[in-house]
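Student: Top to bottom, those sequences are chains Y and D.
Per this note's numbering: the first sequence = residues 1 to 326.
Per this note's numbering: the second sequence = residues 1 to 311.
These are computed hints drawn from the structure, not numbers from a lab.
Mixed in with the good hints, there may be bad ones.
[Claimed, not checked] When the alpha-carbon atoms are kept at most 27 Å apart in a straight line, the in silico DSS-like pairs for lysine-lysine are as follows:
1. K18(Y) to K30(Y)
2. K199(D) to K18(Y)
3. K201(D) to K12(Y)
4. K32(Y) to K201(D)
5. K123(Y) to K223(Y)
6. K137(Y) to K24(D)
7. K12(Y) to K24(D)
8. K201(D) to K18(Y)
9. K40(D) to K95(Y)
10. K40(D) to K123(Y)
11. K123(Y) to K24(D)
12. K30(Y) to K24(D)
[Unchecked claim] Computed footprint of chain D on chain Y; a stretch qualifies when at least three of its residues, placed anywhere within it, have a C-beta under 8 Å from a C-beta of chain D:
13. 82-95
14. 100-107
15. 116-124
16. 155-162
[As the list claims (entries may be wrong)] Over the 10 Å line for every Cβ pair with chain D, so calculated as not near, a few chain Y residues:
17. E3
18. P110
19. D314
Using N, Cα and C, we set each Cβ at its ideal position, and we do this for glycine too.
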Amino acid sequence: MTETILRVEDLKVWFDVKKQGAMPWVKPRKLKAVDGVSFELKAGETLGIVGESGCGKSTLARAVMQMVPVEDGHVVWLGDELVGLGTREMRRHRKEMQMIFQDPLASLNPRMTIGQIVAEPLKTHFPHLSSEEMKAKVREALETVGILPNMLNRYPHEFSGGQNQRIGIARALVVNPRLIICDEPVSALDVSIQAQVINLLMDLQKETGVALIFIAHDLSVVKHISDRVMVLYLGNVMEVAPSAELYANPQHPYTEALISAVPIPDPKLEKAKEVMLLDLDLPSPLNPPSGCVFRTRCPIAEPRCASEKPVLADKGAAHMVACHLR
Amino acid sequence: MTNIPLNPQQPKTAQMAERMTEVKGRSLWADARTRFLRNKAAMVSVFVLVFVALFAFFGQFLSPWDNETIDWNVLGNVARVGQPSLENGHYFGFDDSGRDLYNRVVQGTQISLMVGIVGSLIAVIVGTIYGAVAGFVGGRVDSAMMRFVDIAMSIPYMFVLILLLVVFGRSISMLFVGIGLIAWLDMSRIVRGQTLSIKNKEFIEAAVATGVPTFTIIRRHIVPNLLGVVVVYATLLVPQMILTESFISFLGLGVQEPLTSLGALISEGTATMSYGTLWQLFFPLGFFVITIFSFFFIGDGLRDALDPKDR
Chain Y
1 MTETILRVED LKVWFDVKKQ GAMPWVKPRK LKAVDGVSFE LKAGETLGIV
51 GESGCGKSTL ARAVMQMVPV EDGHVVWLGD ELVGLGTREM RRHRKEMQMI
101 FQDPLASLNP RMTIGQIVAE PLKTHFPHLS SEEMKAKVRE ALETVGILPN
151 MLNRYPHEFS GGQNQRIGIA RALVVNPRLI ICDEPVSALD VSIQAQVINL
201 LMDLQKETGV ALIFIAHDLS VVKHISDRVM VLYLGNVMEV APSAELYANP
251 QHPYTEALIS AVPIPDPKLE KAKEVMLLDL DLPSPLNPPS GCVFRTRCPI
301 AEPRCASEKP VLADKGAAHM VACHLR
Chain D
1 MTNIPLNPQQ PKTAQMAERM TEVKGRSLWA DARTRFLRNK AAMVSVFVLV
51 FVALFAFFGQ FLSPWDNETI DWNVLGNVAR VGQPSLENGH YFGFDDSGRD
101 LYNRVVQGTQ ISLMVGIVGS LIAVIVGTIY GAVAGFVGGR VDSAMMRFVD
151 IAMSIPYMFV LILLLVVFGR SISMLFVGIG LIAWLDMSRI VRGQTLSIKN
201 KEFIEAAVAT GVPTFTIIRR HIVPNLLGVV VVYATLLVPQ MILTESFISF
251 LGLGVQEPLT SLGALISEGT ATMSYGTLWQ LFFPLGFFVI TIFSFFFIGD
301 GLRDALDPKD R
């Protein structure tokens with residue numbers, strides 16, 4: 001296909017967790033939110049990231065954007081290393097990577113009009129533009145997402161959730177980015193609005209060739225929009241595969257369990273379906289299991305899984321799985 | 001980019017919209033203003049306060065007398081001949097040294113209002129910036145900045161204020177400095193707390209992701225969102241400042257003769273209470289109480305207007 005725009009190598013994000021009331025010299029424990037994730041993203045491609053709550057999806061996104069301190073690893077954006085860049089040098093790259101957030105209303109400043117909100121990235125990255133040029137660009141972006149441009153002077157609370165999400169998309173679009181990271185952009189919307197927003201994103205991608213990283217826990221949504229899907233568990237990649245391949249032929253036991261839990265919109269089929277329930281809860285990322293992080297809940301775990309950490313291995317057809325047994 | 005019709009009606013409505021003028025939005029401030037205007041107690045207080053302010057700054061033109069001439073006929077005989085009277089133009093009577101009390105109250109109200117407003121202005125400006133920076137930057141900077149506030153707060157300020165006034169002499173500017181030094185501490189704490197809650201909202205994260213510089217984020221996103229709390233607290237701070245100044249003046253350390261403040265006048269009034277010159281106490285006291293009441297009602301009204309959920 002086309003050129004690789006983003007390469008993430010062995011990315012680690014560890015947070016310091018201090019005990020309540022601990023003395024300053026006590027060493028904090030490390031919470032491994034993202035623990036050695038690697039992937040590549042090509043121009044115009046959509047990568048879906050799925051996993052249950054607390055598996056590090058959002059942290060991974062923020063680490064790519066350099067919004068959380070990275071412990072170790074590389075994020076290479078168009079050939080430039082981003083890890084360790086100062087705020088100023090990073091700002092140069094920020095106009096090419098934008099982000100869309102989960103809560104549409106909370107992601108817009110309630111004291112600003114939507115015109116001001118959409119203009120903010122322009123003001124930050126193209127301060128030399130005249131106010132007319134800026135206004136024209138803002139109008140164009142709003143029109144693209146289907147918001148009437150004469151609503152420019154309205155405030156976010158005067159719009160519905162779906163409209164607010166589209167305003168958020170307009171804000172991301174206005175600087176013509178090459179990558180948009182969507183952090184659960186549809187989880188807060190109802191189903192019909194979800195479809196609107198997702199179709200809008202897909203149409204925009206077709207037109208502008210922007211690459212998307214699409215984070216969600218709704219597997220059917222991810223299947224619809226993604227070219228490739230990455231399954232995360234406790235900050236580790238379990239499986240990466242092209243979307244159709246992953247859903248048709250899941251290799252990792254965790255992926256199997258996830259996919260078996262997707263509801264089917266047909267009561268008869270849904271009743272007949274066998275859901276693969278996992279025992280226990282997600283282990284604490286403060287104290288992850290040795291070897292394979294999934295082994296405590298894995299139905300097919302063997303003694304070997306406790307001692308050796310499986311590496312992501314290519315099983316053909318761009319299908320990568322991190323499991324000793326598959 | 002072409003338009004993606006999200007509903008079949010849209011091309012039509014878009015055409016209609018082209019012909020329409022831009023729609024004006026209703027900001028949260030506009031909403032708050034409507035709610036405030038509907039609050040009767042607060043609106044009455046605003047009018048009373050405007051009246052008090054007009055009295056303080058233009059009251060002297062209504063009187064044929066001034067605030068410094070001593071009437072030697074009255075001096076020493078105030079209780080008998082110094083009563084308030086409309087006929088001779090001494091509306092509020094005389095003070096103990098034979099000066100026209102009406103003009104003294106005008107002057108006192110003026111200075112008390114100024115102390116209150118200047119004090120809370122210092123608090124608003126310094127406290128907001130200090131608190132917002134501490135809260136938003138966080139980490140060690142926050143700890144250091146807030147420990148400094150803690151230390152400053154743990155020093156008994158009345159003691160410091162009295163010491164300042166004794167060491168550097170009693171003057172109105174020293175009083176401003178002294179009140180300004182302590183007034184912003186509470187404000188910075190309140191603002192920091194608010195900033196911490198705003199900081200974790202997604203629109204701040206969106207601004208960070210876009211690459212907006214830190215101080216622009218504080219100016220453009222944090223401060224406008226905590227201004228509501230600041231405004232409410234500032235209106236409640238004004239009477240507090242007036243009270244502090246009055247207390248210091250009451251102790252005899254505040255503004256110095258020939259200047260005066262409501263607190264100083266009240267202090268003089270109480271001193272002569274037993275001689276039957278009660279008007280010397282009640283006129284300044286009346287203005288004092290009215291002013292403070294109005295500020296509290298306005299503060300209350302603003303809080304209800306700006307935070308409709310917290311009622």
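Student: Each hint needs a verdict: does it hold in this structure or not?
Tutor: Evaluated hints:
For the given pair, K18(Y) sits about 9 Å from K30(Y) by alpha-carbon distance, which is consistent with the 27 Å threshold. Restraint check for K199(D) and K18(Y): the C-alpha separation of about 21 Å stays at or below 27 Å, so the hint holds. With a CA separation close to 25 Å, the supplied pair K201(D) and K12(Y) stays within the 27 Å bound. Taking the CA atoms of K32(Y) and K201(D), the gap is near 24 Å; set against the 27 Å cutoff, the hint holds.
Taking the CA atoms of K123(Y) and K223(Y), the gap is about 36 Å. The hint is violated against a cut of 27 Å. Taking the CA atoms of K137(Y) and K24(D), the gap is near 20 Å; set against the 27 Å cutoff, the hint holds. Proximity of K12(Y) to K24(D) is assessed by CA-CA distance (about 47 Å); at most 27 Å being required, the pair is judged violated. The hinted pair formed by K201(D) and K18(Y) meets the criterion: a straight-line CA distance of about 24 Å does not exceed 27 Å.
Note on K40(D) and K95(Y): the hinted pairing is violated, with a Cα-Cα distance of about 50 Å set against a maximum of 27 Å. With a C-alpha separation of about 42 Å, the suggested pairing of K40(D) with K123(Y) is violated against the 27 Å cut-off. Between K123(Y) and K24(D), the direct Cα distance comes to roughly 22 Å. Compliance with the 27 Å bound is thereby established for this hinted pair. Our distance criterion of 27 Å between C-alpha atoms is broken by K30(Y) and K24(D), whose separation comes to about 51 Å.
With 5 residues carrying a beta carbon less than 8 Å from a beta carbon of chain D, the region 82-95 of chain Y meets the three-residue requirement, and the given coverage holds. With 5 residues carrying a beta carbon less than 8 Å from a beta carbon of chain D, the region 100-107 of chain Y meets the three-residue requirement, and the given coverage holds. Counting residues of the region 116-124 of chain Y whose beta-carbon sits less than 8 Å from any beta-carbon of chain D gives 3, enough to reach three: the coverage restraint holds. Counting residues of the region 155-162 of chain Y whose CB falls under 8 Å from any CB of chain D gives 3; the rule of at least 3 is met.
At the 10 Å boundary, the C-beta of E3(Y) stays outside the reach of chain D, the nearest C-beta of that chain being 23 Å off. At roughly 6 Å, the least C-beta separation between P110(Y) and chain D is not larger than 10 Å, which violates its mark as non-interface. Every CB of chain D lies more than 10 Å from the CB of D314(Y), the least distance being 33 Å, so the non-interface label holds.
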